[in-house]
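Colleague: Keeping their order, the protein sequence lines are chains A and B. Those letters in the first sequence? Residues 3 to 329, by the working numbering. Those letters in the second sequence? Residues 31 to 356, by the working numbering.
If you're looking for bench data, these hints aren't it; they were derived computationally from the structure. Treat each hint with caution, since some may be false.
Restricting the straight-line Cα-Cα distance to at most 20 Å, the calculated cross-link-like pairs of lysine to aspartate or glutamate (EDC-like) are [stated by the list, open to error]:
{"#": "1", "chain 1": "A", "residue 1": "112", "chain 2": "B", "residue 2": "144"}
{"#": "2", "chain 1": "A", "residue 1": "112", "chain 2": "B", "residue 2": "333"}
{"#": "3", "chain 1": "A", "residue 1": "114", "chain 2": "B", "residue 2": "61"}
{"#": "4", "chain 1": "A", "residue 1": "114", "chain 2": "B", "residue 2": "144"}
{"#": "5", "chain 1": "B", "residue 1": "171", "chain 2": "A", "residue 2": "25"}
{"#": "6", "chain 1": "A", "residue 1": "114", "chain 2": "B", "residue 2": "353"}
{"#": "7", "chain 1": "B", "residue 1": "126", "chain 2": "B", "residue 2": "352"}
{"#": "8", "chain 1": "A", "residue 1": "112", "chain 2": "B", "residue 2": "115"}
{"#": "9", "chain 1": "A", "residue 1": "112", "chain 2": "B", "residue 2": "352"}
{"#": "10", "chain 1": "B", "residue 1": "171", "chain 2": "A", "residue 2": "27"}
{"#": "11", "chain 1": "A", "residue 1": "112", "chain 2": "B", "residue 2": "353"}
{"#": "12", "chain 1": "A", "residue 1": "114", "chain 2": "B", "residue 2": "352"}
{"#": "13", "chain 1": "B", "residue 1": "171", "chain 2": "A", "residue 2": "59"}
The chain contents come next:
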Amino acid sequence: MAIREIRYAEAIKEAMCEEMHRDPDVFFLGEDIGVYGGAFGVSTGMLEEFGPHRVIDTPISENGFVGAAIGAAITGSRPIVELMFSDFMAVCFDQLLNQAPKMRYMFGGKVKVPLVLRTPSGGGTGAAAQHSQSLETIYAHIPGLKVVIPSTPYDAKGLLKTAIRDDNPVIFLEQKRLYQTKGEVPAEDYTIPFGKADIKRPGTDCTIITYGRMVELSLEAAEPLAKDGINVEVIDLRTLLPLDTEALIQSVQKTGRCVVVHEAVKFAGFGGELAATVNESEAFYSLKSPIKRLGAISAPIPFSPELEEHTFPTTDSIVAAVRETMK
Amino acid sequence: MEPTQTTPSKWNKQLLEELMRTMMLSRKFEEKIEQMFAEGLVHGTTHLGIGEEAAAVGTVLAARPEDYLLATHRGHQPVLAKGVDVNAMMAEILGKQSGICKGKGGSMHIADIDKGVLGSNGVLGSNAPIACGAGLTIRRKGEDKIVLCFFGDGAANLGAIHEAMNLAAVWNLPVLFILVNNGYGVSTHISKASRDTDLAKRAYPFGIPVKTIDGNDILAVYETVREARDYVAQSGPMLIVQNTYRISGHSKSDQNRYRSKEEIDAWREKCPILRFKAYLLEQDRFTEEAIDQMDAETTAQIEAAAEYGINSPLPSLDTILDDVYA
Ligand SMILES: Cc1ncc(C[n+]2csc(CCOP(=O)(O)OP(=O)(O)O)c2C)c(N)n1
Ligand SMILES: [Mg+2]
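Whenever a hint applies, use it, and build me the whole structure from the sequences.
Modeller: Structure follows, in structure tokens:
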């Protein structure tokens, strides 16, 4: 396979383009995705490649066009819709909560909803409280949806292709802070299955369960810990729904310790589900210390960089949490 | 009784009979549901549209079988007119395995993709953006189909409706918006919800054509929608406001505190089925006996459907997790 280094944003575009070439039913819609290339430049050049009938600029009308994507999906199209910021789910939430995930069940299994909602998620960009949130927990709470959060360019391409080929509504949460990061990505077609976590770093002493941007920070945190003889195992969930519960359980059974890290607000966050998954399993009996959770503080995300940085877990706070479990 | 302003000869007899039978079927279906409710056989809630049959039936029958339909919470009538199996609908409302949605949807969520019914919807207004999406598929595939999107005078104030009308307009989507104005949203009179109660004006900002019609005159509905259908297929969205009245309560809990008995009685006089019957007799298109026979046959059909529903088994518990995902 030809492997090059490309950016996370480019990997996403590559997945969309390859899938649009492969399947004429796939099309793409969203605000300013055409000439402008999308708010984060992900779709630069796609309009030229596919034309305005397959790369459709929408009015500023999230409820309208997200609903339209659903209507297209149930009639034989396979839309990819870009929501400019994941925070804007609030203005189209009925479609994401009451419509897309309910239809198949409510209609007795007669309909498929092959829809991908791609949306930039997360903070660290100085955009403050209304453009920085990580809202995956809300989606993960809705049966009928799938929730995907890629942490590398490789995963972004492979997971997005799986999402586009999936016959269910998939929420694809791109990590804003990772758009410009580079990584090895095959130029060929490949997919990554949903519900299979990735062990990013094998270890023996403590399991860090994480996803998205926090994977990078957790891997960074592993270095100083290793120097002190603490070998952490870092697990990247890749998809929250479906969740690879087996991977978590097996890892904690091996290490006996567990730290859960995410960028979303800690209180009532997805980490609670992860901790409970471990606690409710056989792995509970292997635990040598209480599970620790790290997430954002319970406040709207502040603007000032100094304040914002301390809103989310940091490499230092991850190191400290792991040390805590080792006491 | 106002005869429709069209020459009687243009209406073929088979069509007249189909319109009459479908209205009767809708009325009897809902009366049966009402009765079974009173007998404690129906679980949950249901929204009947007794008195609104001409709007629903005339609209759907004027469109083509291959056209899509998005109905509302008050969706039995258009869905029946679309030809969804009466037995399976009855079974659905009774929560049975043989229901059209396997007992997972109930009265508010009847859908039948094979018949183009993309769903009745429990959330007001949310069907309209979805209708636009069906329109996108039609345009993408170059099909000769349209989408019928029903909503009420109450839902007309939702943002989703406005967003959908704008999308359909700017993208020239083949969506026919049908505003069934029955004067109320639950108990709230249209005048308390809209400063200007002429809801036809809702089409103006989007630059789409609109017609307001008497929604209790089945032939006026049929003719208007027939014409609109071809316009919409070719040229993009349109709005039709159909004025009518809901004689039945809003839902099972309604005690009619918000309207007078006189008002309801006055509209009973304008019943679209009685009115159509009078017209057919007056125009000598059918005999009283022929109409009585349609009545008897549709009654029998509904009785059989109710029996089918009642005798159908409840869903098996093993199906509870079926169809969450494809
Ligand atoms: C978004 C939303 N708000 C409120 C309701 C509760 N509700 C159900 S029907 C209804 C009245 C709707 O009025 P209208 O659109 O005129 O339709 P009608 O009931 O008269 O047929 C209300 C408020 C709902 N289902 N969805
Ligand atoms: Mg109303």
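Colleague: Going straight from one Cα to the other, do residue 112(A) and residue 352(B) come out at no more than 20 Å?
Modeller: Since the Cα atoms of residue 112(A) and residue 352(B) sit roughly 11 Å apart, the hinted pair holds (cutoff 20 Å).
Colleague: Holds or violated: residue 112(A) with residue 144(B), Cα cutoff 20 Å?
Modeller: This hinted pair holds, its Cα atoms lying about 8 Å apart.
Colleague: Taken at face value, is the distance from the CA of residue 144(B) to the CA of residue 114(A) at most 20 Å?
Modeller: holds, 13 Å
Colleague: Taking 20 Å as the top limit, are the C-alpha atoms of residue 112(A) and residue 115(B) close enough?
Modeller: Holds, because 15 Å separates the two Cα atoms, which is no more than 20 Å.
Colleague: Between residue 112(A) and residue 353(B), is the straight-line Cα distance small enough, at 20 Å or below?
Modeller: Given that 20 Å is the threshold and the Cα spacing comes to 9 Å, the pair holds.
Colleague: When you check the alpha-carbon spacing of residue 114(A) and residue 61(B), does it fall within 20 Å?
Modeller: violated, 33 Å
Colleague: For the pair supplied as a hint, residue 171(B) and residue 25(A), is the alpha-carbon distance within the 20 Å limit?
Modeller: holds, 13 Å
Colleague: Holds or violated: are the alpha carbons of residue 112(A) and residue 333(B) at most 20 Å from each other?
Modeller: violated, 27 Å
Colleague: For a C-alpha distance cap of 20 Å, please report whether residue 126(B) and residue 352(B) respect it.
Modeller: The given pair, whose Cα atoms are some 15 Å apart, holds under the 20 Å limit.
Colleague: Between residue 114(A) and residue 353(B), is the straight-line Cα distance small enough, at 20 Å or below?
Modeller: holds, 10 Å
Colleague: Decide if the proposed pair is consistent with the structure: residue 114(A) and residue 352(B), CA atoms, cutoff 20 Å inclusive.
Modeller: Holds: residue 114(A) and residue 352(B) sit about 13 Å apart, inside 20 Å.
Colleague: Would you check the hint for residue 171(B) and residue 59(A), treating anything up to 20 Å between C-alpha atoms as holding?
Modeller: Holds, at about 19 Å.
Violated hints, in rising order: 2, 3; the structure is consistent with all others.
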